[in-house]
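In order, the protein sequences belong to chains Y and A. In terms of the numbering used here, the first sequence opens at residue -12 and continues consecutively. In terms of the numbering used here, the second sequence opens at residue 23 and continues consecutively.
It should be emphasised that the hints constitute simulated quantities derived from the structure, not laboratory data. Among these hints, one or two may not hold up.
[To be verified] Only pairs whose alpha carbons sit at most 30 angstroms apart, straight line, appear in this in silico DSBU-like list of lysine-lysine:
{"hint": "1", "chain 1": "A", "residue 1": "Lys42", "chain 2": "A", "residue 2": "Lys265"}
{"hint": "2", "chain 1": "Y", "residue 1": "Lys220", "chain 2": "A", "residue 2": "Lys163"}
{"hint": "3", "chain 1": "A", "residue 1": "Lys95", "chain 2": "Y", "residue 2": "Lys123"}
{"hint": "4", "chain 1": "A", "residue 1": "Lys146", "chain 2": "A", "residue 2": "Lys49"}
{"hint": "5", "chain 1": "A", "residue 1": "Lys49", "chain 2": "A", "residue 2": "Lys260"}
{"hint": "6", "chain 1": "A", "residue 1": "Lys92", "chain 2": "Y", "residue 2": "Lys123"}
{"hint": "7", "chain 1": "Y", "residue 1": "Lys123", "chain 2": "A", "residue 2": "Lys42"}
{"hint": "8", "chain 1": "Y", "residue 1": "Lys51", "chain 2": "A", "residue 2": "Lys95"}
{"hint": "9", "chain 1": "A", "residue 1": "Lys95", "chain 2": "A", "residue 2": "Lys163"}
{"hint": "10", "chain 1": "A", "residue 1": "Lys200", "chain 2": "Y", "residue 2": "Lys123"}
{"hint": "11", "chain 1": "A", "residue 1": "Lys138", "chain 2": "A", "residue 2": "Lys163"}
{"hint": "12", "chain 1": "A", "residue 1": "Lys105", "chain 2": "Y", "residue 2": "Lys123"}
{"hint": "13", "chain 1": "Y", "residue 1": "Lys220", "chain 2": "A", "residue 2": "Lys95"}
{"hint": "14", "chain 1": "A", "residue 1": "Lys37", "chain 2": "A", "residue 2": "Lys92"}
[To be verified] Pulled from the structure, derived: some chain Y residues nowhere near chain A, Cβ distances all over 12 angstroms:
{"hint": "15", "residue": "Tyr67"}
{"hint": "16", "residue": "Tyr71"}
{"hint": "17", "residue": "Asn183"}
Glycine residues also receive a C-beta, built at the ideal position from the N, C-alpha and C atoms.
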Amino acid sequence: MFIQVWASMVIDFSRMTRWIPTFLEGVGVTIVLSLVTVTIGSILGLFITLLRRSHLLPVSALAKFYILFIRGTPLLVQLYVWLYALPLIGIVIPPLPVSSPVFGTREFSTAVIALGINSSAYVAEILRGGLDAIDKGQTEAARSLGLSSRQNMQYVVIPQAIRIILPGLGNEFIQMIKESSIVSTVGIFDVMYTSNIVKAGTYLVFEPLVIISLIYLILTSVLTFLQRQLERKLNVDLKSN
Amino acid sequence: MSILRVINVSKSFGKLQVLKEINMEIKAGEVVAIIGPSGSGKSTLLRCLNSLEVPDSGTVYFHDTEVNAKTQKEADLNTVREKIGMVFQHFNLFPHLSVLENITLAPRLALGMAPKEAEEQAIKLLNRVGLSDKVNSYPNKLSGGQKQRVAIARALAMGPEVMLFDEPTSALDPEMIKEVLMVIADLAHSGLTTVLVTHEMGFAREIASRIIFLDEGRILEDAPPQEFFNNTQSERAKIFLSKVM
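Isolated chain A, as found in the complex:
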C-alpha cells in the first residue's frame, strides 16, 4: 500500500528547474533515503510531499488525497499535514515555548487533545528520545542534538503515518550527530514509514530499505542499499559516491 505518491512533479525556482518530472512512490513501512549532490533537488522533493513547496506541474498524493497548498482547502491540507511529520535541518523549535509546550502545542490545537493527555504523551516521547530531564527547559538552553531530538518528539506527538527528515544532522556538531541518528534508527526499526534526506551515507546504508539517488532534478537510481552501493549503475552516482565515501 502506498502512502505517498509523486506523479510527474516538476518545480522551478525562477529560471532554475529543480525537479524534472519526478515519479516516486513510498509504501507503508519503507525507510527511504534520498541522497545526491547539493542542489540536486532532494530537499525540494521532500518539501513537496507535505506541500511546503507546491509543484509547478504534476501531483502529490497522500493515500488518495491530492496534497496541494494552493488548490486544497486549508482544513483538508492541515488534516493531511497532521499525518506527515517533518523534521528540519535547523530544528525550527518555537523559542518562546518550553520543550513541553513545543511538543503539546500542535496536539492541543490541531487535534483538540486535552492538555493533560497531551502532556503525558509529551513526557513519554521525551523519554523515548532520552530527554525526560528537559521537560521545562527552553530551546535556547539545549544543545543542537537535544534540539533536534525535541523536534523529532514534537513531530511524533501528532501520531504521524510517515516522517520526513530534511538533512536532520547537517546543522549539528560532529559529536552530536550520533545521538540524533540513533533516535531516527530507533523509529525506522519500529516500522514507522520514513523518508530521509541525508548526507550520512553510512547511516543510509544501514537503515534504509531503499536508496533514491537524485541528480539535477532527476531520479537516477532507486534501489535497495546493497544493490545501490555495491552495484552502482549510473556514472553520476559512481562519481558522487567516490567523492563522499
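Next comes chain Y alone, as it looks inside the complex:
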C-alpha cells in the first residue's frame, strides 16, 4: 500500500507497523510526564496562589515576580537552565530511584521539575482567576454569620471556585501533553522523540511525523472529551446567585 507523490517520493505507511511498540512506549512516557508535571504544577501553583494572597507585601511581591518570570521566559530556556546552567553552580536534580532507562535518568527528573515549575505559574493564574471570580458578597455573608476565614474558604469560596477552575486546569493538562514534546530535545523518549528514532531506522520522515501528529491529536481529543463530561456533571444545578 503506497501512494506515489513525486517521481522520487513514496509515502508508505506499511513500514510503520513494526514500529508501533516504539510509538506506544513514547505515548506512555508522554502521559506519565504530563501527569506528574501537572500534579506538581497544581500543588506548587496552589502554594504560589496562597503566597500571592498573603497580606505581607514582600511575600506577595515575590510570588508575583515568580509568575512573571516563569510566564515571561520560554519553556525551552527554562529546561536548558535546569539541565545545563544550574548544575554549574551546584544545583543538580538527582535522578529518580527507578531502574527504568527512561524514568531513571537525570534528564527525566530535571524535565519533571522544569515543566512542573513552568506549569505552576500558569496554574497559579488559573486559581487566581477562579478565586477572584467569586463575588465579595459571598465572603461578607459568610463572615457576617461568624464563619472563620478558613471556613469561608473551605465551605463557601473554594467549592464555587472549583467549577471555574476545573476547565482551566483541564486545558493546562492538554497544553502540557503538547508542550512536553520539548523534552525530546534533551533526549527523553517521549512521543516526539520516537519520530526521530523511527526516522533514523527507516529513513522515512513523512510517515512518523504524521503518526505522532495523530497520536497527539488523539490524546488531546480524549482529554477534551473527558473534560467536557466532568464540566457537564458539575454544572447540573448551578449558576448565578
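Let chain Y serve as the given structure and place chain A on it in line with the hints.
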C-alpha cells in the same frame, strides 16, 4: 441597656470621607431606621457595626467588647458576629448550597450545632418567612423576594441579638418588596433589636422606634418617627423628605 455603641467613628475611602465622627447608640429592643440621601454613609455606618468595614478612627462596641476586624483576635470577632445578623441588599445566598444548607451551614460550623437540630431549626425559620416549600430548592430557582426571605432566615438561624438590614428591598422588583417588608416588620414587632438602612420612608415611619437621618457622613437628626416626619429640624432633611415623599 445598649447593645451597640458607636463612638467618634470616622471612615474614608481614598479622599472621600464617608463618616465624620459619628456617635450612636442602639438599645435592646429598639428598631432604628437609618435614612438619608445616596452616598450619605448609611451602608458604611451599618457595615462598621459588625466590622465589615473597619473605622479609620473611633470605636464600635458590642456590649462591652470592642469590634474591630483589624485588631481583634479572629475567634473573638467571629463570636461577636454570630450575635449580629446581617441581611444584604443583594442577598448573597450561597449559590452552591440548597436553601436548607444555606441556613444550616453557619449554625453547624460556627456554633457546632448537630445537623439534625440545625435542620429542624431551619425548617421552623422557613415556616416563619413563609417558604417551607422551598427547603430543597437552590437559590437560582427563587425570586428576589424569596431569596431575601431565605437570607433573613439564614441570619436568624444564628440566634442573633440584633439584626442589621442593608437596604434589604432596594434590589427587588416592586411587587416583591411587600413580602420582605412584612417579614422584617414581624421580626421588629417580636422585639428583636433591628437596625435598618432603607429608602422605604413609609415603612420606616411605620415600624421604627427611632429615625436617624444621615447626610454627608454626619447624623443630622435622631428622633422618634412622629417627631422626625412631622417636625423635621434640619433644612437638609426637609429637602430630602420633600424629594422622596
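Checked hints:
Our distance criterion of 30 angstroms between C-alpha atoms is met by A:Lys42 and A:Lys265, whose separation comes to about 24 angstroms. Between Y:Lys220 and A:Lys163 the CA atoms are separated by roughly 19 angstroms; this keeps the pair inside 30 angstroms, and the hint holds. With a CA separation close to 22 angstroms, the supplied pair A:Lys95 and Y:Lys123 stays within the 30 angstroms bound. Between A:Lys146 and A:Lys49, the direct Cα distance comes to roughly 27 angstroms. Compliance with the 30 angstroms bound is thereby established for this hinted pair.
As the CA atoms of A:Lys49 and A:Lys260 are separated by approximately 27 angstroms, the hinted pair is consistent with the 30 angstroms bound. Of the supplied pair hints, the one linking A:Lys92 and Y:Lys123 holds, its CA atoms being roughly 18 angstroms apart against a limit of 30 angstroms. Proposed proximity of Y:Lys123 and A:Lys42 is supported: the alpha carbons are some 26 angstroms apart, at most 30 angstroms. For the given pair, Y:Lys51 sits about 29 angstroms from A:Lys95 by alpha-carbon distance, which is consistent with the 30 angstroms threshold.
Our distance criterion of 30 angstroms between C-alpha atoms is broken by A:Lys95 and A:Lys163, whose separation comes to about 38 angstroms. With a C-alpha separation of about 28 angstroms, the suggested pair A:Lys200 and Y:Lys123 falls inside the 30 angstroms cut-off, and the hint holds. Of the supplied pair hints, the one linking A:Lys138 and A:Lys163 holds, its CA atoms being roughly 25 angstroms apart against a limit of 30 angstroms. Between A:Lys105 and Y:Lys123, the direct Cα distance comes to roughly 22 angstroms. Compliance with the 30 angstroms bound is thereby established for this hinted pair.
With a CA separation close to 41 angstroms, the supplied pair Y:Lys220 and A:Lys95 exceeds the 30 angstroms bound. A threshold of 30 angstroms between alpha carbons decides the hint, and for A:Lys37 with A:Lys92 the separation of about 21 angstroms falls inside it, so the pair holds. No Cβ of chain A approaches the Cβ of Y:Tyr67 within 12 angstroms, the least distance being about 44 angstroms, so the stated non-interface status holds. With a closest Cβ-Cβ approach of about 48 angstroms to chain A, Y:Tyr71 is found to remain outside the 12 angstroms limit, as its non-interface label requires.
For Y:Asn183, the requirement that its beta carbon stay farther than 12 angstroms from each beta carbon of chain A is met, with the minimum near 49 angstroms.
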